[in-house]
Amino acid sequence: MLRSLTQIFCDAVVPMLKRAYRQTAMAAAIGFCGDWCLLSCGSKLLAVHSKQSRDSYVFDCSIAEKKAKTAKDDSDSNKGASEDTKSDDILAFTVSPSGKLVALADNCKRVVLFHCEHSWKCVSIRFVVRKCTALVFTNAEDELLVADKSGDVYSFSVVEPQREGELKMGQLSMLLNITLSLDDNYIITADCEGKIRVSHRRSPYNIQSFCLGHNEFVTALLVPLAGCQFLLSGSGDGTVKLWDIESGCRLHSCDLNIFKETETKLNEKPTVCRIISSPDGSHIGVLCSRVPTIQFLTLQLMVKDKLVPHSVLTLPHCPLDIAFDSEGKLWVMMDCSDKMFNVYTHKDGEWQCNAQSLEVSRITEAFNPVWETVETSTRTKLWFEHLHKRSYDNVAMYMQKKEQRLKEQQLKRAKLQRTNNNKKARKETSMKEDQSSSSTRKPDDWQKE
Amino acid sequence: MEVSMPQKRYYRQRAHSNPMAHHSFENPVCPEEMDWSQLYPDFFTEGVSDKEMSRVEFADIGCGYGGLLVELSPLFPDKLMLGMEIRVKVSDYVQDRIKSLRASQPGSYQNIACIRSNAMKFLPNFFFKGQGLVYTITDVEEVHVWMVKHFTEHPLFTRVPDEELVDDIIPGRLGSCTEEGKKVQRNGGQNFLAIFRRIDDPNQD
Chain A
1 MLRSLTQIFC DAVVPMLKRA YRQTAMAAAI GFCGDWCLLS CGSKLLAVHS KQSRDSYVFD
61 CSIAEKKAKT AKDDSDSNKG ASEDTKSDDI LAFTVSPSGK LVALADNCKR VVLFHCEHSW
121 KCVSIRFVVR KCTALVFTNA EDELLVADKS GDVYSFSVVE PQREGELKMG QLSMLLNITL
181 SLDDNYIITA DCEGKIRVSH RRSPYNIQSF CLGHNEFVTA LLVPLAGCQF LLSGSGDGTV
241 KLWDIESGCR LHSCDLNIFK ETETKLNEKP TVCRIISSPD GSHIGVLCSR VPTIQFLTLQ
301 LMVKDKLVPH SVLTLPHCPL DIAFDSEGKL WVMMDCSDKM FNVYTHKDGE WQCNAQSLEV
361 SRITEAFNPV WETVETSTRT KLWFEHLHKR SYDNVAMYMQ KKEQRLKEQQ LKRAKLQRTN
421 NNKKARKETS MKEDQSSSST RKPDDWQKE
Chain B
1001 MEVSMPQKRY YRQRAHSNPM AHHSFENPVC PEEMDWSQLY PDFFTEGVSD KEMSRVEFAD
1061 IGCGYGGLLV ELSPLFPDKL MLGMEIRVKV SDYVQDRIKS LRASQPGSYQ NIACIRSNAM
1121 KFLPNFFFKG QGLVYTITDV EEVHVWMVKH FTEHPLFTRV PDEELVDDII PGRLGSCTEE
1181 GKKVQRNGGQ NFLAIFRRID DPNQD
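If you read the sequences in order, they're chains A and B. 449 is the number that the working numbering gives the last residue of the first sequence; the numbers go up by one with no jumps. 1205 is the number that the working numbering gives the last residue of the second sequence; the numbers go up by one with no jumps.
You may find that some hints are simply not true.
Here are a few chain A residues that face chain B, going by a calculated C-beta distance under 7 Å [claimed, not checked]: (1) Val123; (2) Ser173; (3) Glu193; (4) Ser203; (5) Tyr398.
Here are the simulated BS3-like pairs of lysine-lysine, each with C-alpha atoms no more than 27 Å apart in a straight line [claimed, not checked]: (6) B:Lys1008 x A:Lys402; (7) A:Lys149 x A:Lys109; (8) A:Lys339 x A:Lys423; (9) A:Lys66 x A:Lys51; (10) A:Lys86 x A:Lys109; (11) A:Lys401 x B:Lys1129; (12) B:Lys1099 x A:Lys412; (13) A:Lys131 x A:Lys86; (14) A:Lys402 x A:Lys347; (15) A:Lys415 x B:Lys1129; (16) A:Lys415 x B:Lys1099; (17) A:Lys168 x B:Lys1183; (18) B:Lys1008 x A:Lys412; (19) B:Lys1182 x A:Lys149; (20) A:Lys168 x A:Lys100; (21) A:Lys121 x A:Lys109; (22) A:Lys407 x B:Lys1008; (23) A:Lys100 x A:Lys86; (24) A:Lys402 x B:Lys1129; (25) B:Lys1129 x A:Lys407.
No wet-lab data here; the hints were simulated from the structure. Idealized CB from N, CA, C, for every residue including glycine.
For reference, chain A alone in the conformation it holds in the complex (with noise of 0.2 Å):
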C-alpha cells in the first residue's frame, strides 16, 4: 500500500531532529553559589571560591558511576556501544536560593546533588529517564524539579537524596526551561513550541494558565524579585515577555531587535539565551546567541510599559554566558584564551568593568586547565539553534496537485461540453437540412469528428 507523502516526510524528518537535540545544552556555563564561583565546561563541574584560597571543588560526570544495569538494559544490548561513547557533558545546573545546594543534569541521563555549605559534597547521583534540560530547586529547597526532552516533569527529593524521581507532569512538546514562582504555588515551564504552562505545584495536573504569545522556542524564564506575581520570559522570537502569572495574561513585550547595531544582520532574529537578575532585582540583564552585547531592562511596577530598556552594554566579544554573584556584580564569560572573564560594576550610572581584579585572577587561573581540555567546536555550540520553526510546508506541494487536478478535470469537461455542444448543434442542423431536400453533409460524416 502506497504511504502518503506525510507519512514519508516524518519518517525522514523525526530520526533527524532526534539527532538535533542530542547535542548539549550551553557548552559552558557560569553562575555562583554563595561566594563560590561555579563553572561548567564539558563534563566538568568546577567551584572556585572567589574570595579566599581555597582549594577548588571539581566533580567530572565522565567518571561519575553508571546506572546499574537491569535485565532490561542487557536485552537492549545493541545500544551498549553507542551508550559507551556518549559523552558525559553536563547540560544544565542550578543553585538553590540560598546557595546551600546544587544539582547538575548531565548527558548520560544522571541528576547530581551537592550540598555546598562547608564544604563540597555529591551527597546522591540518581538517574532519569530521558535527558533533561533544566532544573530548579523549590525556594523551601525541599525539592529538585527537573524538565526533560520528552516534555515531562520530574521531582527528586532533596530530604531524602536516594529517593527515586516521580513524575510530576507531563506534556507532547519538548521543555527547554522550567522555574517556580517565589511561593512554590506554582511550577512554570516553558517548551519548544513557544507555550508556557502554569500548573499548580501540589497538583501539577491541574494547569492554571498558559501564557501564550511567543512565536519561536522558549529559552529563558525568571520570576522577577520586584514583581513576584509576574514572569519574565525569553524566546528564539526575539523578544523578552512580561506576563501575570495566575492568569496567563501577557502584560508587555520587548523586542530586542531594537538593540541591535546596524551592521548585523536586521533579518537574523536575535535568540534570547539567557534572561539574569541581579541580587537587588534592580537589573535585569538578557544575553541573546551570537550577539556581542548584554542588554539590559529594569521592571518598573508603576508604569504601563513595565519592562522599560535601561542601558546596552558592548562587550570585546560574544559571551558565552552571564551570571550576578552575591554582591552585584556582572561576570561575563567569553571564549578568548586571553581574557575568559569580564567582571562590570554598576556605578555612576553605567557599567563599568573591573580591570584587573584579584577574584578574576583566581578564578582564571583554576579554570583555564578545564576549558583547555574542551574542544573548540564544542565550546561554542547552541543546540537550540536548531529549534528555529522549518518553513517546509507538506501543504503547498498537496494544494499545487489538488490544482493540478481540478485544472485537468476542469478542461476536461469543457472539452466533453464543446463536443457535445457541437454534436447537438450539428443533429439540428442536419434534422433541418433533412427536412430540405438537399443537404450538404452526411449523418456518417459525424463520425468522423
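Assemble the complex: chain A is given as a structure, and chain B must be docked to it using the hints.
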C-alpha cells in the same frame, strides 16, 4: 470556486499521522488572537459586539472526513463547532465538503468548520479554559479501557453515568455518522462509549 461535492477518492490518506513530528501549522498564538470570522462568516458579521460574539462550543478532535460535524450541524444550529484534523488531505476534504454544503443549502452548515492542526500540542492556542463534557468512542475495547482508566484516574474528570445521558442526543449519533462508525456497523462490530465531565480540583486548598 469549486462548489460541487468533493470526491473522497482524491483525499484518501492513511489513518495515522505522527503528532510528535514538526509539521508546520498555522496556529493562532493565543485564543484571544484567533480570527473565527474566517471560518464562520455568518456568525461574525459587522457590528457584533464582543459580548454577543459566539464561541466554539463543540470541538471534534480528529474529525476525519467530517461525518460528525455534518450530522450535528442542523441539530444545534446556534452552536459553533470546530473539527480539528492533523492530516493534510483529510482536513482539506472537510473544508471542501463544508464549502460545498454551504453553497448548495444557503443558510445551513454555517456553524461548522474544520482546521488542520495538532490538537495534542496546540489545543490551548485555540481555546480558553472551560468546563464541559468529553465524549469518547472507539470500536477497539482495549482503547476504550485505556481511555476510561486514564480519565477516571485524572482528578479533574468524572465519568458521566448513562442515566444522566438520557436526554443527550449526541451519544446515539456518535457511532453511526462517521466513516469509521459506519464501517464498524457494517462489520457487525461494537462501539464503546464513555463520557466524562470536567470538575473542579478536589485537592485544591
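Structure-based check of all given hints:
no. : hint                 : result
1   : Val123               : 31 Å, violated
2   : Ser173               : 6 Å, holds
3   : Glu193               : 6 Å, holds
4   : Ser203               : 5 Å, holds
5   : Tyr398               : 5 Å, holds
6   : B:Lys1008 x A:Lys402 : 13 Å, holds
7   : A:Lys149 x A:Lys109  : 11 Å, holds
8   : A:Lys339 x A:Lys423  : 90 Å, violated
9   : A:Lys66 x A:Lys51    : 35 Å, violated
10  : A:Lys86 x A:Lys109   : 11 Å, holds
11  : A:Lys401 x B:Lys1129 : 39 Å, violated
12  : B:Lys1099 x A:Lys412 : 23 Å, holds
13  : A:Lys131 x A:Lys86   : 12 Å, holds
14  : A:Lys402 x A:Lys347  : 65 Å, violated
15  : A:Lys415 x B:Lys1129 : 54 Å, violated
16  : A:Lys415 x B:Lys1099 : 26 Å, holds
17  : A:Lys168 x B:Lys1183 : 40 Å, violated
18  : B:Lys1008 x A:Lys412 : 20 Å, holds
19  : B:Lys1182 x A:Lys149 : 40 Å, violated
20  : A:Lys168 x A:Lys100  : 25 Å, holds
21  : A:Lys121 x A:Lys109  : 20 Å, holds
22  : A:Lys407 x B:Lys1008 : 18 Å, holds
23  : A:Lys100 x A:Lys86   : 31 Å, violated
24  : A:Lys402 x B:Lys1129 : 37 Å, violated
25  : B:Lys1129 x A:Lys407 : 44 Å, violated
Comparing the model with each earlier hint shows violations of hints 1, 8, 9, 11, 14, 15, 17, 19, 23, 24 and 25; every other hint is respected.
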